[in-house]
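Visitor: Protein chains in written order, with this note's numbering: chain C, 1 to 114; chain L, 1001 to 1112.
One should not assume that every hint holds.
What the hints assert, rightly or not - Computed footprint of chain C on chain L; a stretch qualifies when at least three of its residues, placed anywhere within it, have a C-beta under 8 Å from a C-beta of chain C:
hint	stretch
1	1046 to 1056
2	1085 to 1097
3	1101 to 1110
In short, the hints are calculated from the structure, not lab data.
For every residue, glycine included, the Cβ atom is placed at its ideal position computed from N, Cα and C.
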Amino acid sequence: EVQLQQSGPEVGRPGSSVKISCKASGYTFTDYVMNWVKQSPGQGLEWIGWIDPEYGSTDYAEKFKKKATLTADTSSNTAYIQLSSLTSEDTATYFCALGVMDAWGQGASVTVSS
Amino acid sequence: DVVLTQTPSTLSATIGQSVSISCRSSQSLLDSAGNTYLYWYLQRPGQSPQLLIYLVSNLGSGVPNRFSGSGSGTDFTLKISGVEAEDLGVYYCMQATHAPRTFGGGTKLELK
């Protein structure tokens, strides 16, 4: 069974960075891209980007190119998203989602607060 | 970027009623190889989204057959033939034909 286990809630100060993890199991980690999706409170879904764990190649939505950095560690089957220069607009739940998004993590909340 | 417009934004239904959700794209989602990368997801309250339909009309794993998808080009429809209580939540379409991937704004299905 495919499982994506995300790290716990994060609180970050304005201007700081946070890093969220997504540990994958139940499939070969390098076989599928990992997507990241943002959901602001009470809002819809926004695609941030994906990473191909086999090659480390990435693709980002233009809006997130300076905000998010996607990485993957094939030794631990874990994907990461780092969010930098945090502002209140980054307060949201962030999901990892596999391939065509047929499996999702449980979401990780990020709260930006001073 | 491709804009996906979902209508209606809110849908009220009774149990057993059949309903449809429209997803209209600002560009054709048919690629040069003849594939159409249009997907439907359901997000139940407090849960992560789940895949319902892939490639326009294919049921995701474990998805009941009361769900069906259709359409082509720029116009797509998700139909639920006989709403059940567990179907309540927000439905999203998503396209992956054109970079970047984009989602529709969502359709909230609620009980009448």
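Visitor: All the hints need checking, so say for each whether the structure fits it.
Guide: Status of the hints after comparison with the structure:
1. 1046 to 1056: Coverage by chain C holds here, the residue count being 5 at a Cβ distance below 8 Å.
2. 1085 to 1097: holds (count 4)
3. 1101 to 1110: Since three or more residues must qualify, the claim that chain C covers the stretch 1101 to 1110 of chain L holds, with 6 doing so at under 8 Å.
Every hint from the earlier list agrees with this structure, and none is contradicted.
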